[in-house]
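Starting from the given sequences, assemble the full structure and let the hints guide the process.
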Amino acid sequence: MPVGVSLALACAVLGVPLGCSPESKPKEVSAQTSGFRPADATAGASKPKPQEPKPQEVAQGAPIRPDAAPGSAAGLPSFTPGQVDPAIAAKSYMTLKMTDSEAPEELVKFVASIDRAMMDLQTDANSKQVNSDTILNQGLDLLRMKLTASDRLRNKSTTPDQTAKGWIGKLEALQQMAMFRDVPSADEVRTLSKELSTNEDPRVAKIAQRIQLQLMLVDYRNQSATADQIAAAAKGLLDQAQGPDKGVFMAVAQAAEALSSESQGANPANPGDPANPGAPEPASEAQIACNQIVDALEAKFRDVPDPNIGMMAWRMKIQRLPDFESYLQVLDTRQAMAADPVALTQKASSLMEKIPSPWTAMALSQCATQFEYSGNVDVAKSLLDIAATQLESTKTPEIKAQIEMAVKGFQKRIGSIGQPLALEGLVDTQGQALDKSKYEGKVVLVDFWATWCGPCVAEIPNIRRVYDEKHAEGFEVIAVNLDDQRSDLDEFLGENKMPWSVYVSNDPSKAGMDTALAQELSISAIPFTMLIGRDGNVVAVHVRGKALDEKVQQLLGAKP
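So for the sequence shown, our numbering puts the first residue at 1; every next one is plus one.
What the hints contain is simulated information worked out from the structure, not anything from laboratory work.
Just so you know, nobody snuck in bad clues.
Pairs of lysine-lysine, DSS-like flavour, derived with a Cα cap of 27 Å:
#1 K156 with K97
#2 K551 with K436
#3 K395 with K246
#4 K442 with K546
#5 K381 with K546
#6 K395 with K354
#7 K497 with K510
#8 K128 with K97
#9 K442 with K551
#10 K235 with K246
#11 K400 with K412
#12 K395 with K347
#13 K546 with K470
#14 K408 with K381
#15 K497 with K438
#16 K109 with K91
#17 K510 with K408
#18 K412 with K546
#19 K412 with K510
#20 K497 with K551
#21 K470 with K442
#22 K400 with K354
#23 K551 with K438
#24 K470 with K551
#25 K412 with K381
#26 K381 with K347
#27 K551 with K412
#28 K194 with K246
#29 K381 with K551
#30 K246 with K354
#31 K246 with K400
#32 K436 with K470
#33 K470 with K497
#34 K408 with K354
#35 K412 with K395
#36 K438 with K510
#37 K91 with K128
Structure, rendered in structure tokens:
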């Protein structure tokens, strides 16, 4: 069973804080800050869309906060002392008994059943269905059974795999019992993990080294281990890990967090140069060791399929940069939009040089989208050019696909300028196909919008004003609706009459953002607008607000 489960339970009983908590993440883009609505959203202010689930924490088993420990809050189940609460009497953690079997296969299954029972106990603890006494007593009973079964498994094993599982089960049981402040277990796990840290089975050695690192953090807090020793142990554990191991990630991240907390604030042991009070303090041993661990952690998990730990490692790295605050003009979209374009591009290049990661590319792509949809195409292109430098080296297909989508989508949208727009696959609300001849020789705004998109709806009055003023001169609007449900559009149009034609996909199975024309243009967010000149070619994209009036006037005055 993952150590995080028992650690969370122990924290609930003992009031001990848990885990590595990297600092606050970079602020995300929103329709309110960017002026446009992401394409994967399906609701506006009037029709909220359920939010995408946030990336799950890497730790397996969410910790129970000390201030919300079972048994400490009002409204918990009450029952007569000495009796089992009927609500939990049939739970696995209450009913599981030690097996009499000595068959290795059965012992492996029994250890797995203990792990499941521990997870059930944690689930009920999180929901406050059990009190702290039950957590402590039942948790320790389960772990003692796991210890006994793991020893029996090692003694009766017939394969190296069974032997390894026996050692792993024993290490986990001892460590988890130590978390419940079982002193003999704490002493034994310290000795055993040291012995097994060089075990021939890499799985056993990895877990033993992970426990050794966690014990070393305790020693560090007691001033019996140094920051350099922790850094060496953390890097050794990373070298031992194969693939994106979450347990290794959390253990090493925890070590970095401990050193980071130690290195914050003034450093009395190294106060700097008295002759130059304004000079920055030299880096402490803890700071240097923390930086080394974070560098190794980010390099190990830079390009892994699990986006949670990949991004967390990247965030830890970027937040350790001495000039981190200056990079917020790239990472914080609101600051980026207000920054000097030349300085912004230089900062983006600097960031990529310091952290050449697919996650840096993803951050720059996000910023580039903001600039593109705000009409600053040149800055967007510069940022995407920098992001594209990671395409060749990115190995994880999912991450690479997202970077490619940003780069190629931009190229498609901007590449449409100067070209005719194929308005195929569209029908009006009556089911009639779009008649191109109605728009020949006109200046046409093609507006991709949806009723759930707040900025789209907010732009309609501006479009209507320009339409009312300039329709007689040859200005037309083609509104391409991207609602997933036709009923949403019909309801909106029933309350908001429009003087121009509204079109939808002619294929109901490919509506919304799957509309053929939206796919052809790789539209990644809305509102997305295109202006077509009298010659039938696209003249500009992302024209909204005051710029729409000015550009339409310019095109109407141009010679055909």
